[in-house]
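Q: Work the whole structure out from these sequences, hints included.
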Amino acid sequence: MVPILFGRIQTRIVLLAVVGSAVTALLVPVLPLAGPLAERYRGAFLVLAAVGVLGIGWEGLYHLLMQFRWEKDWPTLFGLLTVVPEAALLWVLLDRDVVPGLAGRPPLAAYLLHVGLVWLAVWLVANGPMRVPLLRWRFRGGRLI
Amino acid sequence: MAHASHGPGELTGELLAAPIWSDDLVEAAGIPVSDAPFVTVGGGIGSFVLVDYLRIAGVPTGQIRVLSNLDHPWETYEYLTRVSQIPRPERIRSDSASRPDNIWGFPSYAVSEAWQSRTLRPLIQVFGEPIFSDYWTPRAGAVFAGLERESRRINYPDMLVKGVVRLVRRRQGGGYFTILTPPEGSTATRRMAYRSRFVHLAVGYPGLRFLPDLRAFRETYQDFSHVVNAYEPHEHVYEFLKTRPGTVVVRGGGIVASRVLQRLMDDRERYGLGTEIVQIFRTFVTGAHGPHPWARRKGGDGWAYQGFNYPKSVWGGQLKARMRRLDGEARAQSYAEMGGTNTPWRRRWQQQMRAGRRGGWYHPVQGVVTRVEPRADGMLVSQLTGDTGDREIAAHYIIDCTGLEADITEHRVLADLLAHGGAGRNPLGRLEVERHFEIKGTASGNGALYASGATTLGGYFPGVDTFLGLQIAAQEIADDLARRSWCRRIGPVRSTAQWVRWMRGRGVEDEG
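If you're matching them up, the sequences are chains S and P in order.
Here the first sequence stands for residues 191 to 335, where the numbers follow this note's numbering.
Here the second sequence stands for residues 2 to 513, where the numbers follow this note's numbering.
Please note that a few of the clues may not be correct.
[Stated by the list, open to error] On the chain S side, residues computed to face chain P include the following (Cβ under 7 Å):
#: 1; residue: 260
#: 2; residue: 261
#: 3; residue: 286
#: 4; residue: 323
#: 5; residue: 325
Just so you know, these hints were derived from the structure itself, not from any lab.
The beta carbon of each residue, even a glycine, is placed where N, CA and C say it ideally should be.
A: This is the structure in structure tokens:
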């Protein structure tokens, strides 16, 4: 992936909205969560939204780090491993109860499964299948509009 | 047969002098005219990739003609890779997702190889590149096999017309005439004309150029055997070294030098040879280099290291976006910053060179050669001026790996275009094209003349002479043709449907 900043942000938002939502929709009924299904869905989609919103800041940081790379590329591996700091930060924020709309944090196992699988699916789609419907995407630094 | 230079069906003085031709003028010369809305000249991978795009967009074969002296689009590429020491089983220097036989780049070559060989190894390498592993690159043979399959799928042979293109001229009333010289005896007249609304030129590298001192040696001593260019067949050098210990001078520090070194070192190891290698770098890189911390390329032991022939982001990232906005001097400056000869850092090559330096049989040196002369014992002596003073290097053979390219006017079609077609040069001296690869100054009525590949190096997009660069150019040209309502723009639905057909090996669907 050789993104530009706007491409990173657009790609993240669209992939979380499409692929992330699909994975979340399928996953929530089987996640080890308590409460009525509607509440569980609300909580999971808020977590997903938080990954997206925080991600705008993260992408800025990644863009900055990428400047130290001669090729100005972002290796495939980085795209996967960045889940670690991102999930950790969000967990801390959830723990401190500062994520709007969410009271407290979900069980750790459910959180890791949810964020991990969403991330994996988004990463897999971004590394190939995305190019099938969107023929110009890879030549435009990940920009969709 | 009409072979006389001014017989019927030959280019007349009047035609040659006129920058714009009328239908009557061509008819009066007796040159038979064929019509095809879209003509691509070259027939190598550049033509192929564009034709592939157009076919996938739904353009029927009857609308397209490929004028070429090649039987297959990969013919020249295969020849050049083979002589420069990349036979079919070896790997080329190209990204896994740069597939000239697949406009989506998915599945990538690594995925295909993993599938075909039933192994995860390519995927693991791609996953770790370039941090934990070398860049994974496809085998030359896999590239050619893929092109062959795609060529059949889009009915490429139906569009191919054999012959050598002599020139392209603008047509009165719009469009162009392309003059083709078919193989001798295959047609009634010596020349044929193609009348088209659009022409695309993908004629490749205009030719090789030798280093001045090596050219002087070859001309003075008429010796074409001991001084060779890596892009010429030079198997005799490796054969000689198998018969007795010898010294070879390798000139240059790019990918071809790496390949030639690998061959020399592989042979040395495999056959237990006593080959001595002296490599001469004009610019000897000793470490990371570049103007500032965020523009520094790795290097060492003479080499500048880079995964591919441009920084990766020229094909879609920051550099592509930035270059698109630059003109004139600013563009030339940016080319200079990212340019410079370089080669990938590969574990195998590093091992071999380390062994060579330690064993005292591989000597990388800095210097500029001023003269090459034969010695009484038949060896060639290079007079070297370097940072550490002057010295002489004697060798049995000299292999020029500098890959200098000739001026674009060495190609007749391009020279004619500069003289009569309204084309001009870009800051690097090649053909100046628009962002959508139309050659500036050559418009003709509702027609357009495009170019892609090495001919256009120095334009708004830098990576033109690469697989992915040819695909980017093809996409820009196809989209421009769609803007002119000549074909349809490939949108998400068509793209997906056509990809499914590609995966199933089904032919493309023509649009009415």
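Q: Of all the hints given earlier, name the ones this structure violates by number, lowest first.
A: Those not satisfied come down to hint 3.
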